[in-house]
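Trainee: As they're listed, the protein sequences go chains A and B. Going letter by letter, the first sequence gives residues 1 to 253 in the numbering used here. Going letter by letter, the second sequence gives residues 1001 to 1433 in the numbering used here.
Simulated from the structure, these hints should not be mistaken for laboratory data. Ideal placement from N, C-alpha and C gives every residue a C-beta, glycine not left out. Incorrect hints may appear among the rest.
What the hints assert, rightly or not - So, partial list: chain A residues that the calculated Cβ filter (under 8 Å) puts toward chain B:
1. ARG52
2. VAL79
3. PHE80
4. TYR90
5. THR172
6. LYS187
As the list claims (entries may be wrong) - When the alpha-carbon atoms are kept at most 35 Å apart in a straight line, the in silico DSBU-like pairs for lysine-lysine are as follows:
7. LYS1045(B) - LYS58(A)
8. LYS59(A) - LYS1045(B)
9. LYS187(A) - LYS1262(B)
10. LYS187(A) - LYS170(A)
11. LYS232(A) - LYS1045(B)
12. LYS1045(B) - LYS83(A)
13. LYS1045(B) - LYS170(A)
As the list claims (entries may be wrong) - Computed footprint of chain A on chain B; a stretch qualifies when at least three of its residues, placed anywhere within it, have a C-beta under 8 Å from a C-beta of chain A:
14. 1038-1044
15. 1118-1128
16. 1206-1217
17. 1333-1339
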Amino acid sequence: MTGRLSRREMLGVLGGIGTGALAAGFAPIAFPEADAAEPGPKRQWAMVIDLRKCDGCKKCTEACQAEHELPASFEWIKVFQVKDAQGNEYNMPRPCFQCENAPCLRVCPVAATFQTGEGVVLVDQDRCIGCRMCMAACPYGARYFNYNEPPGHQHPFQHPTPEHPVPQQKGTVGKCMFCVHRTEDGKLPACVDACGMGALYIGDLVEDVATNGQETVRLSQFIRENDAFRYKEELGTGPRVYYIAGHGQLWES
Amino acid sequence: MWPIGRGDRKFWIAVVVLSAMVAAGFYAYIYQLQRGLWVTGLNQKVSWGFYIINCVFFIGISYGGAMTSAILRLTNAKWRAPLTRLAEATAVAALLVGAVYPIIDLGRPDRALHLLLYPQVGSPIVWDLVAVSTYLVASFVFLYLPLIPDLAMCRDTLGPSAGRVRRTIYRVLALGWRGEPRQERSLARGIGIMAVLIIPLAVSVHSVLAWLFAVTARGGWHSTIFAPLFVLAAMLSGVAAVILVVAALRKVYGLQEFITAKHFRYLSYLLIALGVGYLYFMVSEYLTEAYVLERSTTPVLEAIFEGVYAPAFWVFTVGGLVLPLVVAALPGRFAIARACTGSALIIGGMWLKRFLIVVPGMAEPVMPWDWGRYAPTWVEVTITIGSAAAIPLLLIVFFRFFPAMSVHEMEEVEGAELRRTSMVPAFAGGGDE
């Protein structure tokens, strides 16, 4: 912890230098290049999903589809209705888990899918050849193939980028990308924003905070005190999404 | 010698029928190209289907050719002489068909070049690309080298009736072969090297095809035995294909004199050895998995043994593996008919087995409540049939221009006295005795 603190102190120093540089007219520090001197990425995105609160309304899915102009079959965040062996019923939203050791990355033959410095797995749909190897490799079924043209283009002149893949390109693979285009602007991901129950938290492992838009919690403490777990953690994929189970729920992975 | 040269009508009927089937396949592919992969039965859960199955299947078929020929050459089996050419040509034809399937399966075939521009060497698909293209080149060389003396024979024995273009082609391809001892030595060495090389190459191809599946965390696929299992499956289906091709062309070209029941009996032995080996590998795989019943494998095994895929599985195991081996192994008469029946059943069975690997592995609930479904559309079925028809089409057209048996080897190995002119292919002006 002390190392992290000192690193943050150093950021402050660097920020001061950067501001000085900008004042001197050297470089615009708002661009990522200026961050190259930083010892680590600014954020490490994570998500916490409180299953005790989820009522299965699927507002998150709808908001996601509206945000990314996806057809109804594209559930980048999919809400599973689960009945465990003890008869408990609950709802389980599944976004992309943004695995730290993502199986989908290694198998891509053209390196079209990659991990950002902030831990989000993105797809470069200009490069993707549509072989669907990543879909076979994903242990969570989080990837979706654009068999068809996405419905109704709303931005005919916008060129999609990995950070804002709207509209999706036919014949390529798409997936939940933690709405990096929104978080970059300080906004909540569309699903978190849409969840009326406050079940979805977007968080930052560096800052150690998470918020559902209604309350902000200390991330490490929140997942520790609520016995949060990660889905199929034993695969060693290092998912960045934590689940908080309800009382007596039996977990199958 | 070349009944097809005389009864030309049969040849043309075969060419027209097979071409029509291939054309239908092309039409279906263009239909898919214009609209997108949604015209197939593939979906978000089962995103690999017939195309990947066919890719594995046809490349597997091509094995038999290469491996049979290579093994028979290396062990210096004398009875191989009339078979090697047919086996090697089958290998190339099936491989050409199988190698096209990954492209058919691509969502963006227009970007296939990205595989060369931005290859990520850690991806099994890049391994496939390297292995299959190397193997394709090697198969061509393996077919071509033993063909050289026969090309020279065509060059020397053909009269002007063959036409200038065709004679020029034979002359160029024959590479100035005169049958000198020095040339014989180089050729023997070249064929020997290729026979040694083609085996590890063929093994590598099906190993990386297996790893395409085995490197994922899916229950039905993540298995250490997959690579050898795939290699054995490929050899099994390949030898079965060679038996069928040899039987068919023997009839068509009237080679009964040279290819006898003995050859089929020997090929059956090879088939049985491979089939029993495959059965053993399969039992080993399923037993260890079903004994432990890990959470990820349990649903797949249940679906295969007693669920929706059980009919396919038991038809394959009984009708496509055990029964054909018994049929081929029985002693007594009708060796040729039994070998062919067994081979046809095995080929069908091996296709089913590839289906049982790809589809349940894909449809299994990676999130434990969510089975996938898959049924092919007419597009996939038409492309499959068209591609299957392409193999005999390629073969009969090829053998129209090139000798179906290695005349050179027949003379050398079996000491057979052949009337050279009568062995010249029909289109080249032979056969009009």
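Trainee: None of the hints should be skipped; say for each whether it holds.
Mentor: How the hints compare with the structure:
no. : hint                   : verdict
1   : ARG52                  : violated, 19 Å
2   : VAL79                  : violated, 11 Å
3   : PHE80                  : holds, 6 Å
4   : TYR90                  : violated, 11 Å
5   : THR172                 : holds, 6 Å
6   : LYS187                 : violated, 28 Å
7   : LYS1045(B) - LYS58(A)  : holds, 20 Å
8   : LYS59(A) - LYS1045(B)  : holds, 22 Å
9   : LYS187(A) - LYS1262(B) : violated, 78 Å
10  : LYS187(A) - LYS170(A)  : holds, 28 Å
11  : LYS232(A) - LYS1045(B) : holds, 19 Å
12  : LYS1045(B) - LYS83(A)  : holds, 21 Å
13  : LYS1045(B) - LYS170(A) : holds, 17 Å
14  : 1038-1044              : holds (count 4)
15  : 1118-1128              : holds (count 8)
16  : 1206-1217              : holds (count 5)
17  : 1333-1339              : violated (count 0)
When each numbered hint is compared with the structure, violations occur for hints 1, 2, 4, 6, 9, 17.
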